[in-house]
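Go ahead and model the full structure; you've got the sequences and the hints to work with.
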Amino acid sequence: MLELINLSKKFKQVHAVENLNMFIEKGEIIGLLGPNGAGKSTAITMLSSLVEPSSGDVKFNGKSILKNPAQLRNIVGMVPQDIALYSDLTAEENLQFFGRIYKIKGVELKRKIDEVLKLIGLTDRRKDVVKKYSGGMKRRLNIGVALLHEPEFLIMDEPTVGIDPQSRNYILETVKRLNREKQITILYTSHYMEEVEFLCDRIYIMDQGNLIASGTKDEIKSILSAEKVISIKADNMNDAFIGSLKENPLVNRMVVSEKEVTIMAGKEVNIFSPLIKMAEDSQLDLHSLDIKTPTLEDVFLHLTGRALRD
Amino acid sequence: MIWQFIKKQGLLLWRNPMQLLLVVGLPIVLITILGTALGGTMNGEPPKINLKVALIEHEDEEKQINRFIEDFSDELPPEMIESIQKGEEFRFIQTLKDTVFGHEDIKAFIDFQEMDLKDKDQILNDSTYTSVIEVPEHFTYEMLEGILTNQNNQPALLVLNNEGSQVGAKIVNDILVQYQDKIGLTNFLAANHLDPSILQSTEEMRFSETVSINQSQPVTSKEYYTVGMAVMNVLFVASTIGTFAFIERKIFVFNRIILANVTRWIYFSAVCLSGTLFSFFHLLIVFGFAWVFFDVSWANIPLFILVSSAFAISVGGIAALLTAISYRFKSEVVTSFFSSILVTIMAVLGGSFFPLGDSSVLLQTLGNFTPNGAGMSAYLAVLRGDELEAISGHLIFLVCFGFAAIAAAAVSFPKRGANI
Chain P
1 MLELINLSKK FKQVHAVENL NMFIEKGEII GLLGPNGAGK STAITMLSSL VEPSSGDVKF
61 NGKSILKNPA QLRNIVGMVP QDIALYSDLT AEENLQFFGR IYKIKGVELK RKIDEVLKLI
121 GLTDRRKDVV KKYSGGMKRR LNIGVALLHE PEFLIMDEPT VGIDPQSRNY ILETVKRLNR
181 EKQITILYTS HYMEEVEFLC DRIYIMDQGN LIASGTKDEI KSILSAEKVI SIKADNMNDA
241 FIGSLKENPL VNRMVVSEKE VTIMAGKEVN IFSPLIKMAE DSQLDLHSLD IKTPTLEDVF
301 LHLTGRALRD
Chain B
1 MIWQFIKKQG LLLWRNPMQL LLVVGLPIVL ITILGTALGG TMNGEPPKIN LKVALIEHED
61 EEKQINRFIE DFSDELPPEM IESIQKGEEF RFIQTLKDTV FGHEDIKAFI DFQEMDLKDK
121 DQILNDSTYT SVIEVPEHFT YEMLEGILTN QNNQPALLVL NNEGSQVGAK IVNDILVQYQ
181 DKIGLTNFLA ANHLDPSILQ STEEMRFSET VSINQSQPVT SKEYYTVGMA VMNVLFVAST
241 IGTFAFIERK IFVFNRIILA NVTRWIYFSA VCLSGTLFSF FHLLIVFGFA WVFFDVSWAN
301 IPLFILVSSA FAISVGGIAA LLTAISYRFK SEVVTSFFSS ILVTIMAVLG GSFFPLGDSS
361 VLLQTLGNFT PNGAGMSAYL AVLRGDELEA ISGHLIFLVC FGFAAIAAAA VSFPKRGANI
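In the order they appear, the protein sequences are chains P and B.
Residue 178 in the UniProt record's numbering sits at position 178 of the first sequence, with consecutive numbering throughout.
Residue 378 in the UniProt record's numbering sits at position 378 of the second sequence, with consecutive numbering throughout.
Hint data in this document are derived by calculation from the structure and do not stem from the laboratory.
Take these hints with a grain of salt, some might be off.
Stated by the list, open to error - Restricting the straight-line Cα-Cα distance to at most 20 Å, the calculated cross-link-like pairs of lysine to aspartate or glutamate (EDC-like) are:
#1 Lys132/P <-> Glu150/P
#2 Lys217/P <-> Asp201/P
#3 Lys246/P <-> Asp281/P
#4 Lys250/B <-> Glu52/P
#5 Lys415/B <-> Glu52/P
#6 Lys170/B <-> Glu134/B
#7 Lys7/B <-> Asp88/P
#8 Lys7/B <-> Asp128/P
#9 Lys330/B <-> Glu115/P
#10 Lys221/P <-> Asp239/P
#11 Lys118/B <-> Asp181/B
#12 Lys110/P <-> Asp82/P
#13 Lys7/B <-> Glu52/P
#14 Lys250/B <-> Glu332/B
#15 Lys176/P <-> Asp164/P
#16 Lys415/B <-> Glu332/B
#17 Lys63/B <-> Asp181/B
#18 Lys330/B <-> Asp164/P
#19 Lys228/P <-> Asp164/P
#20 Lys250/B <-> Asp82/P
#21 Lys170/B <-> Asp181/B
#22 Lys228/P <-> Asp239/P
#23 Lys292/P <-> Glu150/P
#24 Lys86/B <-> Glu134/B
#25 Lys97/B <-> Glu134/B
#26 Lys138/P <-> Asp88/P
#27 Lys250/B <-> Asp88/P
To be verified - In silico negatives: residues of chain P with every beta carbon more than 10 Å from chain B:
#28 Asp88
#29 Glu93
#30 Lys103
#31 Val129
#32 Gly135
#33 Gly136
#34 His149
#35 Ser167
#36 His191
#37 Asp201
#38 Ala234
#39 Glu258
#40 Gln283
Just so we're clear, the structure is a prediction, and the values are computed from it rather than from any experiment.
Just so you know, even glycine gets a beta-carbon here, dropped at the ideal spot from N, CA and C.
Pasting the structure below:
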């Protein structure tokens, strides 16, 4: 359906995206994972035809969209990371305006507005101006506007940023439903790996403008097949212990937080005894030592040496 | 399609009370303040002056004349004596009372009162009097003596002016100086044995009717400042539209619009048309208010509509240009600079705050090269009763300015594929 071929974008001296190759098949939910500034949004604006790439091509059904983007735009719905709505208009007025610019009129427009408002759970608040909405309601309407013209392909750029868990779950369930019931192809970008894990069939991981991994969840997690992930928790995590971990050749990578250190070590290596000894030497009040099932976060750590949300 | 954008802009403006107040409320408030404060300063008629002048005589003039005739009957020829007995020109104070302060034109703005000497203190303490003219003892006697016996020591009137009414006092003094000139001429004629009655013609000329060469209707202060404030504040419509458009870019609504396959040119045209239409309605609202509350009416409605349309086109052009520049530089600085500084400069140059008639030719020319200045000149000309030929230059300028701004905006507006 859609192909990105060696897509690059350079802003002055900065490579926002470099040689990105992706493909999206009809009916899939594709995750584009990466930390802030990884180049996800730039990639999306290029594939949705809003910005011309510095080099490379975007093909929709085998045809380049760079010269003639209209065909792709007709079937694309875009949910931007920001709330792209008129906050002084009501939900209904926003939907009416965007519906009309998609050339939807009269009874059909009314039907679609009712349908969308029902889907996003805002029927009762349709007459309220958007600025009176909660963050979650704005996010839902942000999605609703993108669905009004019944797109075949929905691009969602971090649609759950800054909202409460309840609204987040609502949105994630809605995305699942849209894909399942309406067969909408979805490209979902996020830096929340659990969202991508929950929703997506295939995943692309980006960092610093480059694609660093791609495949199904299992394929990506298998990158960590040669390593195990160990979580160390302690109430008094101290510099002496962290220093010992850094110097230990058995520890391949590590991420430190206030009361937890996550390390990666070879699958065949027995690291528990050295870990306990290091904890004793550092007078660490060890709470737990767990071997974790690898997550996409761990894969990202493995690939970049940094946590996804650094 | 374009109508949807215009409707949406209208709704946004309606839901934004602060913006609405700035665009529509401010000119109405300013017109009310300026129109009321500056009331009659430019109503095309002489300013209303109400002066109060008192005259106090220390001695009866007729008695002085009789005494003079008795004292000098031996020294003066009989015909001169007869002339003094009958001639008004030797009754200086009576003439001052009847001919000068009693003249219809002077009476229209000077309340002249003859008072007794005993009331002098009371009058001097009364601030409603502009001037008090005190005629000293033997004034007429000494005047006659000075004129007819060639003595140099002539008496003087004592004029006491109210310090709080300097303009009024100056007017009274000017009247007295003029009268003094006339007496001087009388002296000269009498000394040369000529008939002083020939001075009558001079007096008639002085109070003859003044005919204005320009037959146009005068513009009142309310009319002037209604036009001044309207043409200045309508410029804020352009910055408001520019701001709305910039916010659309900032919150990525513009991206949504582009993805709906709306071309940049439709969007651009919608901005331009919104600016033009809203400006036109803005002018109708402000002038409508001035018509209802200040009686600022337009005798030539079609010409008024024509000027408003041309002016609205130029404001629409500015709105498009501000939008294009803010999109090009991804910054609202230009729009803010326009609304906070440039509008004020343009308003000063255009004559919104004060008439530029007394300014340098350069300033006047610059003023007419601003859209608000050209608009103002055209409106004022219509108010004066001028016809289309007289304002065609301003109309052409306004329309050309609008289209030039649109062309500049079209060139500046980011093209397809550019990063917005």
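So, going through the hints one by one against the coordinates:
1. Lys132/P <-> Glu150/P: The hint is violated at about 27 Å.
2. Lys217/P <-> Asp201/P: 7 Å, holds
3. Lys246/P <-> Asp281/P: 15 Å, holds
4. Lys250/B <-> Glu52/P: Holds, at roughly 19 Å.
5. Lys415/B <-> Glu52/P: 11 Å, holds
6. Lys170/B <-> Glu134/B: 17 Å, holds
7. Lys7/B <-> Asp88/P: 13 Å, holds
8. Lys7/B <-> Asp128/P: 18 Å, holds
9. Lys330/B <-> Glu115/P: Since the Cα atoms of lysine 330/B and glutamate 115/P sit roughly 36 Å apart, the hinted pair is violated (cutoff 20 Å).
10. Lys221/P <-> Asp239/P: Since the Cα atoms of lysine 221/P and aspartate 239/P sit roughly 31 Å apart, the hinted pair is violated (cutoff 20 Å).
11. Lys118/B <-> Asp181/B: 31 Å, violated
12. Lys110/P <-> Asp82/P: Violated. Lysine 110/P to aspartate 82/P sits at ~26 Å, over the 20 Å cutoff.
13. Lys7/B <-> Glu52/P: This hinted pair is violated, its Cα atoms lying about 31 Å apart.
14. Lys250/B <-> Glu332/B: With Cα atoms ~10 Å apart, lysine 250/B and glutamate 332/B stay inside 20 Å; holds.
15. Lys176/P <-> Asp164/P: Between lysine 176/P and aspartate 164/P the Cα gap is close to 19 Å, so the pair holds against 20 Å.
16. Lys415/B <-> Glu332/B: 19 Å, holds
17. Lys63/B <-> Asp181/B: Roughly 25 Å between the alpha carbons, so the hint for lysine 63/B and aspartate 181/B is violated.
18. Lys330/B <-> Asp164/P: Judged against 20 Å, a Cα distance of about 32 Å means the pair is violated.
19. Lys228/P <-> Asp164/P: 33 Å, violated
20. Lys250/B <-> Asp82/P: 9 Å, holds
21. Lys170/B <-> Asp181/B: Holds, at about 16 Å.
22. Lys228/P <-> Asp239/P: 23 Å, violated
23. Lys292/P <-> Glu150/P: 41 Å, violated
24. Lys86/B <-> Glu134/B: Since the Cα atoms of lysine 86/B and glutamate 134/B sit roughly 25 Å apart, the hinted pair is violated (cutoff 20 Å).
25. Lys97/B <-> Glu134/B: Holds, because 13 Å separates the two Cα atoms, which is no more than 20 Å.
26. Lys138/P <-> Asp88/P: 12 Å, holds
27. Lys250/B <-> Asp88/P: Holds, because 15 Å separates the two Cα atoms, which is no more than 20 Å.
28. Asp88: 4 Å, violated
29. Glu93: 7 Å, violated
30. Lys103: Its Cβ does come within 10 Å of chain B, the nearest being 8 Å, so this is violated.
31. Val129: 7 Å, violated
32. Gly135: 15 Å, holds
33. Gly136: 18 Å, holds
34. His149: Check fails; 8 Å does not lie beyond 10 Å.
35. Ser167: 20 Å, holds
36. His191: Histidine 191/P clear of chain B: closest Cβ-Cβ about 19 Å, beyond 10 Å.
37. Asp201: The assertion about aspartate 201/P holds, with a minimum of 24 Å to chain B.
38. Ala234: 44 Å, holds
39. Glu258: Its Cβ never comes within 10 Å of chain B, the nearest being 36 Å, so this holds.
40. Gln283: 53 Å, holds
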